[in-house]
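In our numbering, the protein residues as written are 993 to 1688.
One thing to keep in mind: the hints can contain errors.
As the list claims (entries may be wrong) - Each computed DSBU-like pair below joins lysine-lysine, with the alpha-carbon atoms no more than 30 Å apart:
hint: 1; residue 1: 1605; residue 2: 1558
hint: 2; residue 1: 1594; residue 2: 1627
hint: 3; residue 1: 1664; residue 2: 1679
hint: 4; residue 1: 1604; residue 2: 1507
hint: 5; residue 1: 1535; residue 2: 1594
hint: 6; residue 1: 1376; residue 2: 1359
hint: 7; residue 1: 1361; residue 2: 1371
hint: 8; residue 1: 1664; residue 2: 1535
hint: 9; residue 1: 1604; residue 2: 1649
hint: 10; residue 1: 1631; residue 2: 1558
hint: 11; residue 1: 1664; residue 2: 1631
Read the hints as simulated data drawn from the structure, not as lab findings.
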Amino acid sequence: MWATITAASYVTAAVAYLFLFVLLLTNWRGRLYGSLLAIVCIVSAFWAFAIASQSYWGFSPTFLVEILEILRNAGWSIFLIALLNPFQQRKENSIPLKIRPAVAAIAVLYLIFFMLAIFFNGNYDGGFTSHGQPASYSTFFIGVIMAVIGMVLVEQYYRNMSSEQRWRIKFICLGIGGIFVYDFYLFSDALLFRKINSDIWIARGWVDALTVPLIALSVARNPKWFIGICISRHILFYTTTLLSAAIYLLVMAAVGYYLKLSGGAWGGILQLTFLFGAVLLLIVLLFSDVTRAWLKVFISKHFYSSNYDYREEWLRFTRTLSEGELELTARAIKALAQLVESPAGGLWFKQENGRYQLIGCWNIFLKNKTIEADNEFCKFLEEKAWVIDLQEFYSDPRKYSSLVLPNWLSDIPRSRLIVPLILHRELLGFIVLIEPRSAINLNWEVRDLLRVAGTQASSYLAQYEATNALSIARQFESFNRMSTFVVHDIKNLIFQLSLLLSNAEKHKDNPEFQKDMIETVSFSVSKMKRLLEKLSTGNQSEKLEILSLDQLLQQIMERKSFHIPKPALQITHSNLMVMADYSRLERVISHLIQNAIEATSKNGQVWVRLLKKDSSALIEIEDNGHGMSEQFIQKKLFKPFESTKTAGMGIGVFESKEYINELGGQLDVVSKESAGTIFSIFLPLSKNYQENKVVS
């Protein structure tokens, strides 16, 4: 009964393949690919009929069934390889997959399988059972390998078809892929249990027959399946890794099984120990940087016409330069090192003193060696812009005829490459890279990539250095600006103390003058202490507080009472409160009043008024002095270092306007030559004042 069911299953498959063969002969328009598919179908039909006849009648010889099995799988593989078309001439700007080594490897494998089937005549490990099932452990293993080859080829064909074209070929991929997936399941199960599962073997014929309509449908949709292939290096890397791991595990499983059979009582223990060690070794290899680097170089060398996927490399290069916890100098070294799988390196950069100094290291400690800019080595790098291969230089110095290496360069362990950092034809620095993890061929492509990447890295480093220089310049600018204001305040204090000394002889017996003198000296001392604190602690946040303007103005006027002309204070609205720093606001108002006094003759007058206008406090400082021209007010008054006074610094009015603007206020000025000037200070009233007004 089982023989009849087996025969029926495989006869069905033979009829299905024969039908597709006839269909292809009568309707095919795909030339080479149609011919190949027709040949595969007729071979598959003979294969299925041979298994059916051996199972039911025992007619077909064992070695013939095995040869047809190999021919059938080889036919599908050849058809898929033809669709990938690895021998087509590509355009110069394309980056095609060179699968010729892979084709050669597949051809060698199938040749070995043919040799085993023919020379051992099917009896090298058990042949077939009476039901037409293979009983050979070696046959199981060969079946798994052929299925893996087929699945990989189907996956590559589908993946590299454009998304718009995949609807045309998805059914043939499902059909051929289904054949190989089922075979992999069949022979893997046989390897595991050391015999063919009868149910899986019998159903195989019907499974193959079910895939034929899928192939026929794809034939009708897409008679020309060729694509210009360009496989992602990441996909190929992981595919190769998985395929290698699978083959490795299969070989290790076979060795483990042999140990179990030949080890006697210790066989099971030896098998488990060996398999554990094999899996552990595989994990170590998969996580090894050296292995990964070697595999990437191997794939680029044997499968691609170019060494790099430039899009991926440039994205990684830019990402490494722009991101990460490392400093920019270390990131620049790392970005260049990754291009050649170098594990470490150092960066020398040009300094202000004209020397190239070590400014960064990555994964290595180097001594701080310097080199002069006019050194022959630096001149060579700047003129030639060559990437120097030290191994090549030591073996054949004639290629670098005028190059003289620094003595300390030979002290760097395992140094291999020197990459110049050139920007606008100027040598900004150079990077020394350590020997790569895997052997590389430093051809023109690698040199050009390193040279271009070095230029990009040098632009990042130049911008980084310029940013640092600008930051330092800004710090000096801030310090100089603060020092200018401090010098201005000291000048005002000296003026007040000088005026006090000039009046001391005249009013030394006046008790009121003596009292005012003590207050003035005390105020000057406290102000100088605050200046010293500010210089020692740097720019600290100001202490904002609610200030009463009438009290502040009264204190200022008391200190100005001995000036000639003596300013007069008029308070129209009292209890006006503002939010400000006492020291700075007092300095601003005092300076404007002092300017008014100095601009007015001894017979003139200076008025200070406090009033309220809308939601702001208004302080007016008016004098009838010599005034200012409109042109001076517009172009010079509020600019630093512009002054009409011979001993003036031109800082006070600039600082006054800046601080009043910081408080949200406004400083206006109206002046007329020989008539006088009015400074108007508008300051926003504090919320407390506005709330008190609403309550009242």
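Okay, the hints, checked on the actual structure:
no. : hint         : in the structure
1   : 1605 to 1558 : holds, 26 Å
2   : 1594 to 1627 : holds, 29 Å
3   : 1664 to 1679 : violated, 37 Å
4   : 1604 to 1507 : violated, 33 Å
5   : 1535 to 1594 : violated, 38 Å
6   : 1376 to 1359 : holds, 27 Å
7   : 1361 to 1371 : holds, 18 Å
8   : 1664 to 1535 : violated, 37 Å
9   : 1604 to 1649 : holds, 20 Å
10  : 1631 to 1558 : holds, 28 Å
11  : 1664 to 1631 : holds, 19 Å
Going down the numbered hints, you'll see the structure goes against 3, 4, 5, 8, while the others check out.
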